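**Q** Given the sequences, and given the hints that come with them, work out the whole structure.
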Amino acid sequence: MSNTQGTFELTVIAVVIVLPSLVGIVAYLLVPRSLRDFARKNATRYDGSFSQRRWERELRARWRYLGSVTIVPLLILMPLAVVAALMHQWVVPVDLAVAAMERFDSDTEQWKENLKDSSKGDIGAAHHSWADASGLSPEVAATWQHSMWQAWPVVIAGGLVTLVICLLMTAQVYNRAFGQYHEGVVARSREYLEVDLARIAVDSGATDVS
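The numbering used here applies: residue 83 is where the sequence shown begins, and numbers increase by one.
Just so you know, not all the hints are guaranteed correct.
Said to hold, decoys possible - Computed spacing ranges between beta-carbons, pair by pair:
no., residue 1, residue 2, range
1, Q171, A224, 17 to 27 Å
2, R118, D204, 53 to 63 Å
3, S229, A163, 15 to 25 Å
4, I282, L250, 41 to 51 Å
Claimed, not checked - Straight-line alpha carbon distances no greater than 20 Å define the calculated DMTMM-like cross-link-like pairs of lysine to aspartate or glutamate that follow:
no., residue 1, residue 2
5, K202, D177
6, K202, E221
7, K123, E221
No lab work stands behind these hints, which were simulated from the structure alone.
Everything numeric in this text was worked out from a predicted model, so none of it was measured.
Where a beta carbon is used, it is the ideal one built from N, C-alpha and C, also for glycine.
**A** If you want it as structure tokens, here you go:
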């Protein structure tokens, strides 16, 4: 069980890190090539010279955009990961939960029989053995089994609802963050152009700009 525990914990950590990272990568790839080129051109002054300060400013704006998009799945996944870890340690190990779902049948009575199928391994007996090894009393194990049997539709429905909410919130945040990033790139381009033209005017002696 310790190996299973360690593997599960590593899987949870990987999911919490990888999924938001994938969202960030997708958000970056969704930025049009023309806008990325526009942002890079912002780092070039009107006379063709490169501005490190402007380039760093563009990078900070891009990281703010990507951070805004990845924060939603991260904030949702972190508490879910904690709940999953607690369930794995104190209620039912993830391997037994997966095995139970693999034998799922829309007919409740048939599903019960599938769970008791000794040829594939009795899930109920395996859970009692796990509970005994974990220091849980048979009464507590039986209570957990009964509770899980009654609550599984709610758990699945809750998981689907959470997934939909996460997707909708991520899409909403993405639209807002992308709009702000796009507007920022354009606004900075205008700002830089005004600064460069004013500097050229000063250098040429055409006007006095403080």
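**Q** Confirm or reject each hint.
**A** Hints, one by one, checked against the model:
1. Q171 x A224: 17 to 27 Å: holds, 19 Å
2. R118 x D204: 53 to 63 Å: For R118 and D204 the Cβ distance comes to about 57 Å; the hint holds.
3. S229 x A163: 15 to 25 Å: The hinted range 15 to 25 Å holds for S229 and A163, with Cβ atoms some 22 Å apart.
4. I282 x L250: 41 to 51 Å: holds, 49 Å
5. K202 x D177: holds, 14 Å
6. K202 x E221: violated, 25 Å
7. K123 x E221: violated, 69 Å
In this structure, the hints that do not hold are numbers 6 and 7, in rising order.
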